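Number of protein chains: 2
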Amino acid sequence: MSVIVLGTVALDDVKTPFGKRQNLLGGSAAHFSMSARLFTKVSIVAVVGGDFPQSNISFLKSKGLDLSSLSMQEGKTFHWAGEYKGEDLNTAITLKTELGVLSSFRPSIVKGQQGIPYLFLANLDPDIQRHLLKIMRLPKIVALDSMNYWIDTKRKSLLRLLKDVDIYCANDKEAMSLSCEDSLIKAAKALHKIGPRMVLIKKGEHGVLFYNGKYFFSLPAYPAERVVDPTGAGDTFAGGFMGYLAKAGKVNDKIIKDALAYGTIAASFNIEGFGLEVSSKLKMRDIDKRLTSFRKYASF
Amino acid sequence: MSVIVLGTVALDDVKTPFGKRQNLLGGSAAHFSMSARLFTKVSIVAVVGGDFPQSNISFLKSKGLDLSSLSMQEGKTFHWAGEYKGEDLNTAITLKTELGVLSSFRPSIVKGQQGIPYLFLANLDPDIQRHLLKIMRLPKIVALDSMNYWIDTKRKSLLRLLKDVDIYCANDKEAMSLSCEDSLIKAAKALHKIGPRMVLIKKGEHGVLFYNGKYFFSLPAYPAERVVDPTGAGDTFAGGFMGYLAKAGKVNDKIIKDALAYGTIAASFNIEGFGLEVSSKLKMRDIDKRLTSFRKYASF
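Going line by line, the protein sequences match chains W and B.
Read in the working numbering, the first sequence has 171 at position 170, and its numbers run on one by one without any break.
Read in the working numbering, the second sequence has 28 at position 27, and its numbers run on one by one without any break.
Just chain W, same shape as in the assembly (with noise of 0.2 Å):
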């Protein structure tokens, strides 16, 4: 079955120990796209401006994905500048955000994608994630990412938007902000019960939490020596996670544990390189191949 994605697609300029670089193809919904176009057919809803490069449309397209309802507007695309600094590769530091069109954005979709089953929300204002999920026909998985900005300006529609999700996806300090609890055990049960079913919590270098309120699961990251742009590595993530459950096309505990270690290795890549460098390129025999020495590494 096949996924839509709802996120950004954006221009990066991002410094990190290992160099630097400007007007990166990037966004929520390009990283996403990378990873789960391995597993289904992805279709992105998201702006750009009118100097978005051709160069990149053609890019996207030569992935295989579906640009239909990737709209171009008047205007600047969204344009995001950050830096990793010293050992806490974890955290940007946000140096610009420039929202142009995506500020006046309003998700729409071409004929034919209401009926898409897969939905992931990538982070935006939940507003508008609500305003794209009410178009669709009733997808069977819905899962949905936010960050702090949102937790902490639109808590109200953020938690109304919960309730009609399947999946929350969170990194640690989200979980921890939105559910005002002081351990990740009981935020995901506190996140649990204000809607989804199953929560997600991405703990960085430290791996990811799981819960569907009948148990919880552990998967530690991939051991990455290097790590050259974590920028993305959360969508990558959700991309590899929610292509695999489509690609399953249904849901149980083994389901479960394989697409998150399946999300876990996209990452894993998608760190290696600047930008969509390594993940564009990526096979999904590269992805089979660590998967085998990850269990090896995870499993006892």
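Treat the hints with care, as some may be off.
One copy or two, it doesn't matter: identical chains are merged, so the pair holds either way.
Simulated crosslink set (BS3-like; lysine-lysine; CA at most 25 Å straight-line) [said to hold, decoys possible]:
(1) 64 - 86
(2) 290 - 258
(3) 190 - 297
(4) 282 - 141
(5) 282 - 190
(6) 187 - 297
(7) 255 - 297
(8) 187 - 290
In short, the hints are calculated from the structure, not lab data.
Note that the coordinates shown come from a computational prediction; the quantities given were computed from them, not determined experimentally.
Chain W is fixed; fit chain B onto it per the hints.
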């Protein structure tokens, strides 16, 4: 096969968000023994002062521990006072450290203990650790724990000692500090090069990372909702780990993984109560029961 542990037997004052306790029986050797005793015979090498309550001696004996090398000296028992605050229950704030008889401690063992094949050198001055290691008759497995204080003040002694041990147990901060690396993966590799065949990095609530020069292995922590007092969690972990290795009597991949899991489960009980409250009452069936749910939680 049996285990001998060199460490402290102490009186602890502990304050956590769940309450405070004074003059708790504690110390690295005591915590280690509470889990190791479930697997094999344990001999303690430590020192206490004249103020050490006879009731504590009786208590340790009632747990089946061999105290024939627990020396009683004139003076005060090692006394530690610490507090755990707010969200970071991983890190103790030390309020007081009174070395007492520990300051002049030179470990000695009774006849017949030189041949004990499994030796755990809990955190102490590396020169004192070496002193005992020299007395022993070629133990099969030597594991060593240390702390940042020795890394900072006796770095050379510690590095020299590490050439003669099989397993180095460190927490994440210690591992990075001793190796001068900025990631745990790099730290584990660098520490392995120093000498120990196996490196075991304890990450508190994020579990444990193991490296043996050939492969990495990672295990999450047990998902504890209620951390009453984390004092001694690392030593309880080491006790479960070493105890299981000693019981197995050999080392292979499966045994190492299972030993790490037993250590994890033992530590998860320790933190549920003050001092030895919970760990001293543990039965093997409690461990095995929790291990079954942990396997579900951590395997995929």
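Next on the checklist: Need the list of violated hint numbers for this structure, in ascending order.
Outcome noted: Per hint list: 1, 4, 5 violated.
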